[in-house]
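Protein chains: 2
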Amino acid sequence: MSGLAMSESGLDLSHHLCSEARVRKPNPMKAIWRLTRRKPNMVSLANGDPHFSLYPLRKMEFEVASVAEEDPVASWRLDSKGPSQLLTSTIDGPCALSLKTGLAYSNGAGLPEAQRAITELTNFYHSPPDHMATLTLGNSDGITKCFRLLGEPGDHFLTDEFAFSSVTNAALPQGINWVPVKMDEGGLIPEELENTMANWKPEQGRKPHVLYTVPCGQNPTGSTLSVERRKKIYALAQRFDLIIVEDDPYYFLQYDNNSEKLSADSPFMPSFLSMDVDGRVMRVDSFSKVMAPGMRLGWITSSAAFYEQLVSYTDSSTQHPHGFGQMLITEMLGAHGWGLGGFDKWVRSLRAEYHRRRDFCLELFEREVGATGFASTNPPEAGMFLWVRVNVEKHPRYRCDMRRGDQDGPQTNVAQLMEELFEHCLDDGLVVMPASIFACPVGPKHSDKENPIEDRLHYLRVTFAGTEDVMREGFSILGRVLKQFFTEVQK
Amino acid sequence: MSGLAMSESGLDLSHHLCSEARVRKPNPMKAIWRLTRRKPNMVSLANGDPHFSLYPLRKMEFEVASVAEEDPVASWRLDSKGPSQLLTSTIDGPCALSLKTGLAYSNGAGLPEAQRAITELTNFYHSPPDHMATLTLGNSDGITKCFRLLGEPGDHFLTDEFAFSSVTNAALPQGINWVPVKMDEGGLIPEELENTMANWKPEQGRKPHVLYTVPCGQNPTGSTLSVERRKKIYALAQRFDLIIVEDDPYYFLQYDNNSEKLSADSPFMPSFLSMDVDGRVMRVDSFSKVMAPGMRLGWITSSAAFYEQLVSYTDSSTQHPHGFGQMLITEMLGAHGWGLGGFDKWVRSLRAEYHRRRDFCLELFEREVGATGFASTNPPEAGMFLWVRVNVEKHPRYRCDMRRGDQDGPQTNVAQLMEELFEHCLDDGLVVMPASIFACPVGPKHSDKENPIEDRLHYLRVTFAGTEDVMREGFSILGRVLKQFFTEVQK
Numbered sequence: 001m002s003g004l005a006m007s008e009s010g011l012d013l014s015h016h017l018c019s020e021a022r023v024r025k026p027n028p029m030k031a032i033w034r035l036t037r038r039k040p041n042m043v044s045l046a047n048g049d050p051h052f053s054l055y056p057l058r059k060m061e062f063e064v065a066s067v068a069e070e071d072p073v074a075s076w077r078l079d080s081k082g083p084s085q086l087l088t089s090t091i092d093g094p095c096a097l098s099l100k101t102g103l104a105y106s107n108g109a110g111l112p113e114a115q116r117a118i119t120e121l122t123n124f125y126h127s128p129p130d131h132m133a134t135l136t137l138g139n140s141d142g143i144t145k146c147f148r149l150l151g152e153p154g155d156h157f158l159t160d161e162f163a164f165s166s167v168t169n170a171a172l173p174q175g176i177n178w179v180p181v182k183m184d185e186g187g188l189i190p191e192e193l194e195n196t197m198a199n200w201k202p203e204q205g206r207k208p209h210v211l212y213t214v215p216c217g218q219n220p221t222g223s224t225l226s227v228e229r230r231k232k233i234y235a236l237a238q239r240f241d242l243i244i245v246e247d248d249p250y251y252f253l254q255y256d257n258n259s260e261k262l263s264a265d266s267p268f269m270p271s272f273l274s275m276d277v278d279g280r281v282m283r284v285d286s287f288s289k290v291m292a293p294g295m296r297l298g299w300i301t302s303s304a305a306f307y308e309q310l311v312s313y314t315d316s317s318t319q320h321p322h323g324f325g326q327m328l329i330t331e332m333l334g335a336h337g338w339g340l341g342g343f344d345k346w347v348r349s350l351r352a353e354y355h356r357r358r359d360f361c362l363e364l365f366e367r368e369v370g371a372t373g374f375a376s377t378n379p380p381e382a383g384m385f386l387w388v389r390v391n392v393e394k395h396p397r398y399r400c401d402m403r404r405g406d407q408d409g410p411q412t413n414v415a416q417l418m419e420e421l422f423e424h425c426l427d428d429g430l431v432v433m434p435a436s437i438f439a440c441p442v443g444p445k446h447s448d449k450e451n452p453i454e455d456r457l458h459y460l461r462v463t464f465a466g467t468e469d470v471m472r473e474g475f476s477i478l479g480r481v482l483k484q485f486f487t488e489v490q491k
Numbered sequence: 001m002s003g004l005a006m007s008e009s010g011l012d013l014s015h016h017l018c019s020e021a022r023v024r025k026p027n028p029m030k031a032i033w034r035l036t037r038r039k040p041n042m043v044s045l046a047n048g049d050p051h052f053s054l055y056p057l058r059k060m061e062f063e064v065a066s067v068a069e070e071d072p073v074a075s076w077r078l079d080s081k082g083p084s085q086l087l088t089s090t091i092d093g094p095c096a097l098s099l100k101t102g103l104a105y106s107n108g109a110g111l112p113e114a115q116r117a118i119t120e121l122t123n124f125y126h127s128p129p130d131h132m133a134t135l136t137l138g139n140s141d142g143i144t145k146c147f148r149l150l151g152e153p154g155d156h157f158l159t160d161e162f163a164f165s166s167v168t169n170a171a172l173p174q175g176i177n178w179v180p181v182k183m184d185e186g187g188l189i190p191e192e193l194e195n196t197m198a199n200w201k202p203e204q205g206r207k208p209h210v211l212y213t214v215p216c217g218q219n220p221t222g223s224t225l226s227v228e229r230r231k232k233i234y235a236l237a238q239r240f241d242l243i244i245v246e247d248d249p250y251y252f253l254q255y256d257n258n259s260e261k262l263s264a265d266s267p268f269m270p271s272f273l274s275m276d277v278d279g280r281v282m283r284v285d286s287f288s289k290v291m292a293p294g295m296r297l298g299w300i301t302s303s304a305a306f307y308e309q310l311v312s313y314t315d316s317s318t319q320h321p322h323g324f325g326q327m328l329i330t331e332m333l334g335a336h337g338w339g340l341g342g343f344d345k346w347v348r349s350l351r352a353e354y355h356r357r358r359d360f361c362l363e364l365f366e367r368e369v370g371a372t373g374f375a376s377t378n379p380p381e382a383g384m385f386l387w388v389r390v391n392v393e394k395h396p397r398y399r400c401d402m403r404r405g406d407q408d409g410p411q412t413n414v415a416q417l418m419e420e421l422f423e424h425c426l427d428d429g430l431v432v433m434p435a436s437i438f439a440c441p442v443g444p445k446h447s448d449k450e451n452p453i454e455d456r457l458h459y460l461r462v463t464f465a466g467t468e469d470v471m472r473e474g475f476s477i478l479g480r481v482l483k484q485f486f487t488e489v490q491k
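For the protein sequence lines, the chains are B and D, in the order given. In terms of full-length UniProt numbering, the first sequence opens at residue 1 and continues consecutively. In terms of full-length UniProt numbering, the second sequence opens at residue 1 and continues consecutively.
Note that these hints are calculated values from the structure, not bench results.
The list makes no distinction among identical chains, and a pair is therefore deemed to hold if it is satisfied within one copy or across any two copies.
Below, a list of computed lysine to any residue pairs in the SDA-like style, where the Cα atoms sit at most 25 Å apart: (1) K59 <-> G93; (2) K207 <-> Q174; (3) K30 <-> R456; (4) K25 <-> H446.
Remember, it's a predicted structure, so these values are computed and weren't measured experimentally.
Next comes chain B alone, as it looks inside the complex (with noise of 0.2 Å):
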């Protein structure tokens, strides 16, 4: 089975790869790269790399935050000028990975030096059964990669009704249909998965196999799987033989919740990796929301079969990721850097502090938008997000009644007002996420014509992220426009 998806449990799961993923064979000039390297006495006229000595770098240096401080992230956003701590990689070391090495040709999971920093952080929050880790080139990759491996042109993947679109829409090109799973408030309903699953026909075509999710402070509704829910939908998963492509790039930005207030200690919630006996989690990971977007560099933990995969389309498509961020990663991990302890102080600090942004967001909110009784939200639970419901019924021009006798479509013209709410802030000067970017693309044989989700889109997407001046100016735009539109009143 070398090379299929065997999973490390026993259980058989090549029968979710995709035919090109079957025929894909492993890269021959990757097969000599390796025997070379694996055999230090033997003399290489094989591969055309450079040699080091021609690379015009000698030394890279990142002059990164200190996490002696006891809230380190408070600490360097407030004083451009304090304590920082510099990461050093030269030519050829000594230091957690040089340039000779980060620079050179590699695998397409990435350097062993890098690939083992990763996964002893995934191995510190997860505790995965039995899993290993693939570097890819930060959450969007991650995702189309495991897409291109688990996708034939026709199938199904099935996903939160409301979803990131940039990830829905990549899929379509390839063929994939979505099937949007019903959300509320806790996001993805387990009963709905179940329920789809449960009530496939087999003229719909081939069941859905896959299932993508945010589970922490899902793009855009903010929502949060409470463990209950996670559990239940780990068990559907197993009952209807689905993978899950856990997308998780908040998952360090979790904060309190109705029962427990947020402090230092506060644990972070079971991922579906973490409870993956059978191997059928592929978790994306990303550094892009705790360092920075523009490093490009995350990476994907599955089980070994799906790991091999990946590998082997890697090293056929993008190749490994980049050394900067192999080597920045390895360094700061490392003994001369943050190391674990400080990467996770590092993380806790940041989630205080978008906890701040987030309390400070909910407080503006209600002050500004939600006291005119035109809006209202829920507090996230993780994540960069409100997701701010408009209460579109009060609208003069609202109508209930768009459906005639056993006609199909939206019964409401919740659609039409947001457009037009959409177009009042931009001419006021704001920027927000409609609902409608997001809303699950849906082939013509899965739209649920009982009960659209043009009906639902009575919701903005808001960012936390930005500066508390944004929001200030941001929130008191919306709650202006907000009045205006309700009560028709022209500038």
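Fit chain D to the known structure of chain B by using the hints.
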């Protein structure tokens, strides 16, 4: 026609796009992202971009070679403490591209500052008629993205009969069939290309519409297309409506040829891009060979319409390249770095260095290998490789009567003897690249039964990218193994 492949010359090239590309929609998130950046007075609560004050990075610094010396590569290589230059990027400037911008999200083509620097570089060497640059994650990423845009399952792409197997293999799972074009020491033979296209029969499937080729120091044959051949091939591309994917990583490593000795002023060969009046060339460039492979940074230069498609596909898969490389390159090519003049000095000095290596390698080859009479080679005019012809006809067990009657298949046992030779090399501690690895994979409909490639596998690829010590030891082993193998001496 916006979004489809109308070239700037007015030629409609949209029929070259595959169906995936035709149905791909621009990323709606990027549209809003662009909106907020175009109108700086807009207040945005839209994009979940971490604020730069929360990046744990304040400064990035590279110690790079000084280009003040007459022969900067020689100076740099010989003195590990020799003169260098610091390239510094800070969080908020002043610098060519700050961390604030470089480490934020951007769009698929790369940051405007980096794109500008790359465009100037391309204009300097190629003066293309009217093209645009998209940044990539290196050549492998660039090429496979071109294939994804152009290749429909079942399509036929043309390429050199010996080609880089990582690339030819990568296209197979996508359903692309290769049609190899015969080569000689001057590379791809235009008349063979013409024959293939002129004699294409409908029952062979859709006529090839893409030619993938490496014009300089072709991998693995080391051959370089002359200006005359380039002109002929471009004219054939016009006649038969072919898109040329010009993969040119060795462009800067062009040496002397029969007519002229190499000097610092020696010109570079005109590229296909430089001739591209139609917009039918997609040129793929990389920093891997002139800086370092682990940078994973390159660019594609194409007509505006293919550019749009590339950006849209990049936004929907890998996303834009990492900020580290973009900041490094922008700083290096800018006023505080090498500048374009310094870069040109570096690559010309690097070319002289590889030229010395080539000559050293050729001398060694003649003494250790050529002198045995069992192998020969031509001096390559570019790149990193010698293509060693093994005189396999001299082997005592050589046979050229393998084909009986009207049977198909090879006439000789070249493939088997070369396999044995490769194993003998390994046994003696030497890794070389056998020609069999590079034989372009062919579908059953197109295999050349009269003149199959199995009879032309009497080549080895060796590189002069390594150190002199490695070359000395390597060629000494190769000479010895050849003598033993051809005289069937048992060790």
